Every structure is written in C-alpha cells, then in structure tokens.
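So the chains spell out like this:
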Amino acid sequence: MTNALELDRVEVVYDDFHALKGVSLAVQPGEAFGLVGESGSGKSTILRAIAGLAPVASGTINIDGQSLSKRRDKAFYRSVQMVFQDPYGSLHPRQTVDRLLQEPLAIHGIDDQERRIVRALEEVGLGTGFRFRYPHQLSGGQRQRVAIARALIVEPSILLLDEPTSALDASVQAEVLNLLETVRKARKLTFLLVSHDLAVVAHMCDRLMVMQHGEEVEQLLSTELSARKARQPYTQKLIEASTGFRR
Amino acid sequence: MSDVAMSRREWLLSERPQSRLQARLGRAYMSWQRFAANRLALIGLAIIIMLLLVAAFAPVLAPYSPVAGDLRQGLKPPGWEHWMGTDDQGRDILSRIIYGSRLTLYVVVLVAILAAPIGLLVGTVAGYAGGWIDTVLSRITDIFLAFPKLILALAFVAALGPGIENAVIAIAITSWPPYARIARAETLTVRNSDYIAAVRLMGASPARIVVRHIMPLCISSLIVRVTLDMAGIILTAAGLGFLGLGAQPPLPEWGAMIASGRRFILDQWWVAAMPGMAILIVSLGFNLLGDGLRDALDPRGAGQ
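Heads up: the sequence lines are chains A and B, in that order. Residue 149 in the UniProt record's numbering sits at position 149 of the first sequence, and the numbers go up by one each step. Residue 18 in the UniProt record's numbering sits at position 18 of the second sequence, and the numbers go up by one each step.
Just so you know, these hints were derived from the structure itself, not from any lab. Keep in mind that the hints are not guaranteed to be accurate.
Estimated spans, in silico, between C-beta atoms of each pair [claimed, not checked]:
(1) B:P59 to A:H136: 46 to 52 Å
(2) A:K185 to B:L25: 37 to 43 Å
(3) A:R187 to B:V211: 50 to 56 Å
(4) A:V118 to B:I151: 14 to 20 Å
(5) B:P206 to A:D197: 33 to 39 Å
Bear in mind that the values here come from a model prediction, so they are computed numbers and not experimental data. Glycine included, C-beta positions come from ideal geometry on N, C-alpha and C.
Just chain B, same shape as in the assembly (with noise of 0.2 Å):
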C-alpha cells in the first residue's frame, strides 16, 4: 500500500511532467506541502472547512427553529436542553449560531467576488497602462481609502436602506481599494521584466498581457489578502448588523445577535457572548489560514 503512495507521490513531483495536468498537480501538490508544513494554518483551514459544512447542513444540525421562539423559555442560561441558552424571545442560540452561519459565508463570499476582481482590474490596468490612466485611477482608489471603512459602508447602507444585500454592496464598494493598490504595485514590479517585454514582442495585445500574464502573478498575492480581509469583512457586516443596518430582524445573523443581548449583558452574558464568540472562531480561522496561503502562495518563494 504505502509502495503504491510512493509512487504517486513521485508521480507528483516529477521534474519531467508527461503532461499539461500532471505538471499542474504536481505544482498544486507543492504548494499543499508547504500550506500543510504549518500547523496553525491547517487549524485555520479546518475551522474554515467546519464553517462551510455547518452552513451546508444547518436544518440538519440545529436542534430548534432559528426564528420562532417560546417566550415561556425565554432567557434560558447554558445547560442540556439549550446548549447554549435562550434570548429575550425563547429562541434557542445555538439553532440561531448554525443558521447565522449561513448569512456569515453569504456576506463574506459575495463581497470576495464582488470586490477583489474589481480591485484586480483596476490595479493591474492602472500598474500597466501608466501615464494618464493610472493617474485617475490611483486617486480614485485614494479617495475611496480616504475615507473610514465603516463609516462609508454606514453611508453607503444609509442611502440605499437598511439589508443584506445592500450591506453586501456597501462593504464590497469600500473594500475593493486596497486590492488596487496590491494588484497595481505587483504589475509595477513585472511590467518592465523581460518576460512582459518578451510577450509584447510576440505582438499581444496590452489586454492580453495584463489579463494572461500579469493578472496570474498578482492573483495569489490577492488570495491571500482577501483571506486575511474576511475577517475585517465579517466583523464590518456584524458591525452593520450590530448598528441595525445589515440584515434585518429576525434573521440570526451575528452581529444583529450581539446587539439584542447588549440590554442584559450583566445578567444574562450568553445572549450577547455566543455570537461574540462565533465571529472571534471564524475570524481566527480565516487569520490562520491567510497566513498559511501567504506562506504557500508566495510568489517569491515559490519554487525556487
């Protein structure tokens, strides 16, 4: 058994690939080498991994309703039949934990789509263009830094009215400017290498240049930035929730928990605690994995 692993390991990392696939795998399985070398990393990418399945089995896993609650019940401390006790309104926090979970991904996954390829975009076009162009777009991304993330989001949300969906919006449109500035100092670094020169002598065209060749060097720099941001995106989102602005009750999302537990947060500190510490968990992993990609995504230390 462990003869047949040998060999695909060393299939793997062959230094003469047969093929366009194993030549791929075997660079993947490289890069997972690294990743799993740290260890607080893979912690991350299992708390991460444990998110993903709770979100994806929810009405299997909570035991009550996420929104209909037993008032009779209502503020029930910690023990067997509540796990994790009961709010104002007797619905159990655990069911409301696993279902928020739910909202958590939502918010962090729309906001990874929507603004890291914006900010990709505008950084490698800005980087490699230079002259005029990269000028308006630089102080476009600076005017976007200049102001406060929460503050603008509150803005943002103030005028298109309170929700999910618009507090997704309004994180993405304040979240995307950093992501330029990476993306545009990585282009700065590579368009004057030979190899952009070398292309360009082939006569591609610029949109193929930054799209084919310079967007690939910049993406895994971006992974792993966006990895770290989840964390600030999810407490953004719990921050909007907690202001009343994110999503609406009586949807259980995290933050919006933690703000109706603030009234008895003395008498009754699990109402406000557990979501509190379901954010701290899923920022934690979402940290620990980020630095474990940067470890194993690092263009400068890839493979050489």
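Isolated chain A (complex conformation) (with noise of 0.2 Å):
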C-alpha cells in the first residue's frame, strides 16, 4: 500500500538556522501520526515544510506517493489542508464565518456553496446561527470549529493539526478532540498531529514520533507511549516531566 504522506530525509533552513536537519516519515492512509517534542524541537516546522510554508532545503515529500515540487499547484491544497494552533489569529477578523468558508469554494471554483457551507457548520456542531458572525464574536472553542470546517470543506484526505487544541481550556478542548476523532471516522482521514501534550497524542494518535533539536529521537507506537515502554532515555523524561511532580 502506498503511503499518503512520506517525508524523506528533509531539511528546513532559516537563514542560518537549522530547524529540520533531515526527518524522515511515513503516515499510512487513515492512520493519525503523532509528532511530540519540546519547543523548538522543529515538530510544527515538518507541518509548514509539507504545507509549503516553510522553505525545504533538501529532501523529498511525498503524497500517495506523488512527490511535491517547490510551487503546490491547485490538486495539493484540495487534498492537504491544516488546522492552525492560536484560533485567534488564524481567522480573518474583517471576514465573517461564511465569508470564510465561502473562500476556499470559490477558489477552488466549487459550486453548491450554500448546501455546502450550511453542511460544514452542522458537521463541526455549530448551528447556521453563526454563520453570519465575525471571529470577534465567537469563542476560543468556536472559532476553532470554524477552522476545522473551513480545512473541511475542500474535502482533503490528510489533514495537518498543529497543537490544534492547546489554545484552548480543558472541557473545550475534550470537545474538539472529539470533534476531530469523529470526522477522522467519518471521512477516513489521514492526521498528522503536532503536540506538546502526550496524553492528546496518545488518546489520538495510533504511532508517533519523538523530537528534539530539529532531528527525529526515536518513533514508537501510542501503546508504547501509555506502557511507558520509551527506548530511548529522553523519551522517558518526557513522559516522567508530563506525568508532574514527584516527591
């Protein structure tokens, strides 16, 4: 089986600054894939790198075994799409929710748009009561719901969520979890989760991968992760670090 999402050996440079020194991936078709680490350890980079929004130096990316060149054409963004960390700056504030949504249908030249939009707020639980608001009307929680109907409604098959939750309170962020999980049921999705929380990736995701520093530390299945069965040793002082302190 072909994979959907395949990283090889791909580097990120900023300038002078090495954020990817040469990570290598494999995410199969409707699996949910993982990526934990520190700050800085490079785990949002691979998101941007896939999306194009981060300069690739070296390295190939691959999807269902296409390999992308440096310009994404048009197919790319029907099939990839992400869902930013700060809900409150990843939604136009000029724009309301069905200006929002109605954008990516008019790029990608989709007709339907009033069926379509109606069904994407009902499928991430909000109401047609706000379809008509602007991002300064709505909360935390909300606004991120319209993200993930705003990723939704290309109809991708992989979709990239960087810390999608962590903007976010606990019972709000229960809920969008949910949410998630659900439409990854429902429409057979591909994750690729980035996060700082492990109890999110191991409640969401089926492996994953460690990081730091910009390079991989080892890859482990999320049953390994809830057994603690890490190999490599910071691995181990991450889950410790997550589990609080001890006396």
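Make one complex out of these two single chains by using the hints.
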C-alpha cells in the first residue's frame, strides 16, 4: 500500500538556522500520526514544510506516492489542509464565518456553495446561527470549530493539525478532540498531529515520533507510550515530566 | 414609536445576524456609534456635508455671477448688498467662494481617487511580495518622498503647463508615496499571520490574497490618512493657485482669490481674508473628520 504521506530526509533552513536536520517519516492512509517534543524541536516546522509555508532545503515529500514540487498546485491544496494552533490568529478579523467558508469554495471553483457551507457548519457542531458572525463574536472553541470547518470544506484526505487544542481550556479541548476523532472516522482522514501534550497524542494517534533539536529521537506506538515502554532516555524524561512533579 | 426604534437597534446589534446584509449593517452601525461619540468629528462631518451641499446648489445659493463683475462696485466692504464684499473687478466674493467650493471638491476628490489606489497597490504589492520587488518599489517611493511636495508639484505643473487638471495630476503624483508607505507597513504586519497562511493553504493566488485579504485590512487606515491629507491637498491646490499655476482666471479658485487680494491686503482686507477663511474652515473640517474616522475605523480598536 502506498503511504498517504512520506517524508524523506527533509531539511529546513531559515537563513542560518537549521530548523529540521533531515527528518524521515511515513504515514499510512487513515492513520493518525503524532509529533511530540519540546518547543523549538521542529515539530510544527514539519507541518509547515509539508504545507509549503517553510523553505525546504533538501529531501523529498510525497503525497499518495506523488513527489511534491516546490510550487504546490491546486490539487495539493484540495488533498492537504491544515488547522492552526491559535484560533484567534487563524481567522481573518474582517470576514464573517460565511465569507471564510466561501473563500476556499470560490478558489477551487466548487459550486453548490450554499448547501456546502450549511453542511460544513453542522458537521463541526455550529448551527447556522453562527454563519454571519465575525470572529470576534465567537469563543476560542467556536473559532477552532470554524477553522476545522474551513479545512474540511474542500474535502481533503490529509489534515495537518498544529496543536489544535493547546490554546483552549480543558473542557473545550476535549470537545474539539472528540470532534476531530469523529470526522476522521467519518471521512477516513489521515492526521498528522503536533502536540506537546503526551496525553492528547496518546489518545488521538496510532503512532508517534518524538523530536528534539530538529531531529528524530525515536518512533513508537502510542500503546508503547501509554505503557511507558520508551527506548530513549529523552522520551522517558518527557513521559516523566508529563506526569507532573514527584516528591 | 420608541419601541420600533429599539427593535431596529437590537436587529443591528444582534449577536446572531441572519444574513450577510445584517452582519454588514451591524458592523457599519457600530462604527457609526464610535464615530458619533466624538462630538468634534460630528462638527467636521457637518462642515464637509455643508461643503457638498454648497457645491451642489451653487447656482441657487450664489446671489451674483462668480465671473462677471461691475467695475463701479469694485472693492466694496462687506455689507447688506455684498455680504463678503467685492473684489477689485467688482465681483461678489460670496458668490465666488460658493462656486469655488466646486473647484476645491473637484481637486480633493480627483487627487484622492488618483493617489490613494496607486499608493495602496504599490504598498501592498511591495509588502506582500518582498524581495527585489519590494526593494524596487520602496526605493521609487523613497525618491518621491525625498522631494518637497509643493516644489515637485511646481515642477510638474511647469512641465505640463498651468491649469486645474494639471494641478490635480501634479498633486496626485506627489501625494501617493505616504499612502504606499502606510499600506506596506500594514501589509508587513499581516503577511505572516496565520489567517494569510490559511488562505495560501487554500491555494489562493498572490493577486487574490493581496486584493481580497490584505487590501481590506489596509483600507481603513488609508481612508483616515487620506482624509487627514485632504487639508494638505486643499492647501497645495491653493498654493499652486496662489502662484498662478493652478486654476486660471477668471475661475474662482480660493488660492487664486487670495493671490489677487494680496495687493490690497492692508486697505481692503476682506478680498484675501474671506477665501482664506473658507480654506481654513474646510481644512479644519477634513482634519476633524479624519480624527473621528481614525477612532471609528482603527482596525486595532474595531470590535475587539
């Protein structure tokens, strides 16, 4: 079976900062793959490199067995979408929810806009009452739902999630995670999820990769993570840190 | 009656607008409320509305012809017959000022229509594209900014020939660089934001991002700046008129009227003072309006 997403020794260099030092990974169709690590470990950079928002210096990225060129084409943007970390920064402040959802449909020349917008809002659990609101009239959780609706409206097969819940408080976090889980099952989506929260990754993902300083530390199954069967000392430290203080 | 007004207000301020129109009107209403809270801004708006009305109804309002004078009536002080007196050729100054408002509006509106879009386009393209495009456009902007505005306008008028159309072109050519700078600065603050990245991720072309997503964010600060510059545009137009390079006689342009009144400014003060007063009031009106618009439209204050 071809991998839905495959990275081969990808390097990202910003001026003289080496953000990714040759990272390889493979994600199967329908799989949820997690990326964990401390701040600055390069996990978000992987998503940005795939999305074409970060300068890839070397290495290849394959989507469904097709190698990506430097310039992404429209077909790529229909198959890969991203949900950003900060729901306060990822929605255009001067556009209503309606306008935000209409834009991707207009870009890809999809008709039947009226029905799709209504359905997208219902899918993420927002009624049509939210359709003509501006982002400042929404709470953080509602904004993130709009961002998810916007990503799903072009019916992608791969969803890149950049800490989708870290800016939300605990109860809203659970709702948004459940929503993501539901749409993944319903649409058979492939997830690439970045998080610094090991519990979130263990809950959402089948496999994960631990990263540090722009490099892979190890890849393991989330069952291994829950059973604390990490091989590398760095991963063990990370697991220990996530369980809280020890007296 | 107050019941109907209340429900209309509630409809506008609704947290759950039911249509695109309602959302847009609600937003406009909130901007208006912020604007109306500033009393000086309302005075400015009143002055500008008055200017518009005077320009529109000039033939009805003006008691005499603006160009034909009676030499026997020359240099009459303000009185019942001529409220603002007459000039050296016996023309009624009030009528000339009323007709002159048309020329002032013509200059201001044309300059705004010409200069603001040029500045907006240059600034947003430079800011979003970056790289060598930004360098080239920014240096061109810098070159234009390095000249004193009036001197550059003078040079252009000298090259194009005197006349009100050429004065408009000259002022427009010299007034776009500050708009480009503002638009570029605004663009730089938003180009790396997540919502622009999200639009790029939808596959939007750079032109679409600039026109549909970046320009709307720059427009409000640009409107404020253009309004505040209107006073300067009026003064530059009056300055060119004063130097004989703007509107040509017998057109009742306010700057040119001051220039012709300068010869007898000590004995017949009203000939120069009346158009000067008109320039002062209209400039003040635009400045007050601009200040109010800044409070109402400031993107950082809006709706947060």
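V118 (chain A) and I151 (chain B), beta-carbon distance inside 14 to 20 Å? violated (60 Å)
How does the Cβ-Cβ distance of K185 (chain A) and L25 (chain B) compare with 37 to 43 Å: does it lie in that range? At 41 Å between Cβs, range holds.
Outcome for the supplied range 33 to 39 Å, where the beta carbon pair is P206 (chain B) and D197 (chain A): With Cβ atoms ~36 Å apart, the hint holds.
Pairwise beta carbon distance, R187 (chain A) to V211 (chain B), judged against the given window 50 to 56 Å: Roughly 32 Å apart at Cβ, these two residues miss the hinted range, so it is violated.
May I ask you to test the hint 46 to 52 Å on the CB atoms belonging to P59 (chain B) and H136 (chain A)? The hint (46 to 52 Å, Cβ to Cβ) holds, given that P59 (chain B) and H136 (chain A) are roughly 48 Å apart.
Hint compliance for this structure: hints 3 and 4 are not met, and every other hint is.
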